[in-house]
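J.: Chains as they are written, first to last, in this note's numbering: chain R, 9 to 430; chain C, 128 to 300.
Since the hints were made in silico from the structure, they are not lab data.
Note that beta-carbon positions come from the ideal geometry of N, C-alpha and C, so glycine has one too.
Please note that the accuracy of each hint is not assured.
[Said to hold, decoys possible] Below, a list of computed lysine-lysine pairs in the BS3-like style, where the Cα atoms sit at most 27 angstroms apart:
#, chain 1, residue 1, chain 2, residue 2
1, R, Lys17, R, Lys297
2, R, Lys292, C, Lys262
3, C, Lys217, R, Lys297
[Said to hold, decoys possible] Away from chain C, derived, C-beta distances all over 12 angstroms, residues of chain R:
#, residue
4, Ile14
5, Lys17
6, Val28
7, Ala242
8, Met277
9, Leu318
10, Arg319
11, Asp321
12, Leu391
13, His427
[As the list claims (entries may be wrong)] Restraint ranges, calculated between C-beta atoms of paired labels, are given here:
#, chain 1, residue 1, chain 2, residue 2, range
14, R, Leu346, C, Phe230, 22 to 28 angstroms
15, R, Phe137, C, Pro174, 24 to 30 angstroms
16, R, His429, C, Thr244, 24 to 30 angstroms
17, C, Glu294, R, Phe267, 32 to 38 angstroms
18, C, Asn285, R, His429, 26 to 32 angstroms
19, C, Thr244, R, Tyr239, 37 to 43 angstroms
Here are the chains, one letter per residue:
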Amino acid sequence: MKQFEIPTKLNTLLFAMMGVGLLSLGLTYFVFDGELQERFWSNLLHNSIFFTVVAFMALFFYCCNIVALSGWYTQFKRLWEAYSLFLLPGLLLIAFVGLSGMLGWSHLYHWADPASVAEDKILEGKSPFLNYRWYFMATLLFGGIWYFISRRLRSLSVQEDLHGTMDYKYHRKMRVFAAFLLIFGGFTSAAAIWLWVMSVDAHWYSTLFAWYSCVSGLIAMVALTIMTLIYLKAKGYYQNVTLEHLHDLGKYMFAFSIFWTYMWFSQYMLIWYANVGEETVYFKERLDKYPVLFWGNLLINFVLPFLVLLRNDTKRKYGTLIFVSAMLVFGHWLDYFLMLKPGILHTTHALAGHSHDGHSATEHAHHAAEAVGGFAGPGFLELGTFIGFLGFFLFFSYRALRNANMEPKKDPYYEESLHHHV
Amino acid sequence: MSNTGTNIIYGLYDDETDLLAAVKEANSQHLEIMDVLSPFPVHGLDPLLGLSESRLHVAGFFFGLTGTLVAFLFMTWSLGFDWQVIYGGKPYWPVPSFIPITFELTVLFASVGMVVTFYTICGLGPGVENPIIDKRITDNKFCIAFDASHTNHEAVNNFFSSTGATEVNQKTI
Chain R
9 MKQFEIPTKL
19 NTLLFAMMGV
29 GLLSLGLTYF
39 VFDGELQERF
49 WSNLLHNSIF
59 FTVVAFMALF
69 FYCCNIVALS
79 GWYTQFKRLW
89 EAYSLFLLPG
99 LLLIAFVGLS
109 GMLGWSHLYH
119 WADPASVAED
129 KILEGKSPFL
139 NYRWYFMATL
149 LFGGIWYFIS
159 RRLRSLSVQE
169 DLHGTMDYKY
179 HRKMRVFAAF
189 LLIFGGFTSA
199 AAIWLWVMSV
209 DAHWYSTLFA
219 WYSCVSGLIA
229 MVALTIMTLI
239 YLKAKGYYQN
249 VTLEHLHDLG
259 KYMFAFSIFW
269 TYMWFSQYML
279 IWYANVGEET
289 VYFKERLDKY
299 PVLFWGNLLI
309 NFVLPFLVLL
319 RNDTKRKYGT
329 LIFVSAMLVF
339 GHWLDYFLML
349 KPGILHTTHA
359 LAGHSHDGHS
369 ATEHAHHAAE
379 AVGGFAGPGF
389 LELGTFIGFL
399 GFFLFFSYRA
409 LRNANMEPKK
419 DPYYEESLHH
429 HV
Chain C
128 MSNTGTNIIY
138 GLYDDETDLL
148 AAVKEANSQH
158 LEIMDVLSPF
168 PVHGLDPLLG
178 LSESRLHVAG
188 FFFGLTGTLV
198 AFLFMTWSLG
208 FDWQVIYGGK
218 PYWPVPSFIP
228 ITFELTVLFA
238 SVGMVVTFYT
248 ICGLGPGVEN
258 PIIDKRITDN
268 KFCIAFDASH
278 TNHEAVNNFF
288 SSTGATEVNQ
298 KTI
């Protein structure tokens, strides 16, 4: 197996994508933004969180497979290791957005505004958790431990390549770290998601929100894995990754899409049925102001993948797999858009109302916020930022892939992976 | 599937890899295999025997679709039109509350329908007697059976001894 080298064309493409991203962010910040720079910061937060969750889910899924002693994925496990290393830039970016809020450059979180907390009983009651101390603890401490584990797993797996003797010595060590992450990461990722995503609607909460949004990341991760594997196979790498492996990944994509819908619907139906005002506001806002995104989200992330991937043979064809994977990566990015943007727009309205006293304040705020694009739906700048982040994510993981053998030949499960058969 | 009076020659193998190699060998010698029996599903055996993929799941899809429609349309008719009830301040046609039941009936129809279809296709049911070639096939032995009246006995015996069958027997089932 030859060492991975990033093809020149791909390198150019990834740099072009990152250039588009930087250009979009710059244009957003300097030209097309509102008074509070809400479009720039919300785009930055949205994409950082999305790709960090993708990286985290790569780590989480990898750990699941290690603990379950499964061997089907072993050939391409370096890919998941590479994805999970993106935790470092992702978490730093989220922490940077948090820092910007603390320094008063950005105003994304309603709970971060002392004036709002002082006059709002609900925000005050939540302030022991919704504050920057916890925000940074989740991002830097919890996230730091996830990153540490991803580094440990990576270095153990590389050491195994050098000194391994086909026994379970390194695998046993990896299992300990993986088992720890499953428990620790399972709980802390929920807390992180509450702080990063759910708390933009600071009054609202949902108990299964963390699962729902993490499954989004998991599907996007599996979809990216499928597309990357097909690409790398076309470039002459991973020739032993067969349709059998892709079939299994396709099944995961299919099954988790249904699981995502299950979570989506459980959240929706309980809130719809109970009809409690402070809970329904979340869906009322989205149904009234974002009907296309709201139903489009279900169409892209459930109906289409369900109908396309239902048949056995569509999970064994590159065309359908690539089509569904690309759609799902974009679809779950859109899902995060819909989780974040309405709440941030609401915060912007509320804060703009504070800064201008007098009865024209709300009017002014509405005027200011409605003039800014990128909240009613993803515009060109949002898509450009997404492309930029996708380029960054892929560039980062391809570089990590380059720095080690592509296939872990000394892994005790390597042989099993070669003969994987569905 | 009662006793058919077919006279068979069968060989027993200890290992699935021996079995797969033997089936390949039989194909290359153009020996017509009547049946292969194994205690567990053997990967790669179906394509060697020329078995096409089961179409049971197509039936399953339509059973499921029937379940979806039955549940959804029945609730729509009964609660939305025939006997309108207001509960929980919801409209007469509360679609979200139909979804769980629609889902359950989809699963129920699909699974029960597939089981019934499977039993019907295979001719299984209460009172069916299965001819058992060898009891060890359900435990640790792999078996290739030939129809004795359609095959050259010498060729079959040579085939069994060259592919490492541990035992060769004849039997009427």
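J.: Confirm or reject each hint.
T.: We went through each hint and held it up to the structure:
Distance restraint check for Lys17/R and Lys297/R: the Cα-Cα separation of roughly 42 angstroms exceeds the 27 angstroms cut-off, and the hinted pair is therefore not satisfied. For a cut-off of 27 angstroms, the pair hint linking Lys292/R to Lys262/C is broken: about 65 angstroms separates their Cα positions. This hinted pair checks out: Lys217/C and Lys297/R have alpha carbons roughly 22 angstroms apart, not beyond 27 angstroms. At roughly 36 angstroms, the least C-beta separation between Ile14/R and chain C is larger than 12 angstroms, which holds for a residue marked as non-interface.
Lys17/R, annotated as away from the interface, keeps every beta carbon of chain C farther than 12 angstroms; the closest lies near 38 angstroms. The claim that Val28/R lies off the interface holds: its Cβ sits roughly 40 angstroms from the closest Cβ of chain C, which is beyond the 12 angstroms cut-off. Under the 12 angstroms C-beta cut-off, the non-interface status given to Ala242/R relative to chain C holds; the minimum distance is some 26 angstroms. In this structure Met277/R is not separated from chain C by more than 12 angstroms, as the shortest Cβ-Cβ distance comes to only about 5 angstroms.
The beta carbon of Leu318/R is not kept farther than 12 angstroms from every beta carbon of chain C, the shortest such distance being approximately 7 angstroms. With a minimum CB-CB distance of about 8 angstroms to chain C, Arg319/R fails to clear the 12 angstroms threshold, and the non-interface call is violated. Remark: the non-interface label on Asp321/R conflicts with the geometry, its nearest Cβ contact in chain C lying 9 angstroms away (cut-off 12 angstroms). With a minimum CB-CB distance of about 32 angstroms to chain C, Leu391/R clears the 12 angstroms threshold, and the non-interface call stands.
Its closest Cβ contact with chain C, about 9 angstroms, brings His427/R to no more than 12 angstroms, contrary to its assignment away from the interface. The hinted range of 22 to 28 angstroms is satisfied by Leu346/R and Phe230/C, whose Cβ atoms lie roughly 24 angstroms apart. Hint check: Phe137/R to Pro174/C, Cβ distance near 57 angstroms, so the stated range 24 to 30 angstroms is violated. The given range of 24 to 30 angstroms is respected by His429/R and Thr244/C, whose C-beta atoms sit roughly 27 angstroms from each other.
Restraint check, Glu294/C to Phe267/R: a C-beta distance of roughly 49 angstroms breaks the suggested window 32 to 38 angstroms. Remark: the range hint 26 to 32 angstroms for Asn285/C to His429/R is upheld by a beta-carbon distance near 31 angstroms. At roughly 41 angstroms, the beta-carbon separation of Thr244/C and Tyr239/R lies within the given 37 to 43 angstroms, and the hint holds.
Hint compliance for this structure: hints 1, 2, 8, 9, 10, 11, 13, 15, 17 are not met, and every other hint is.
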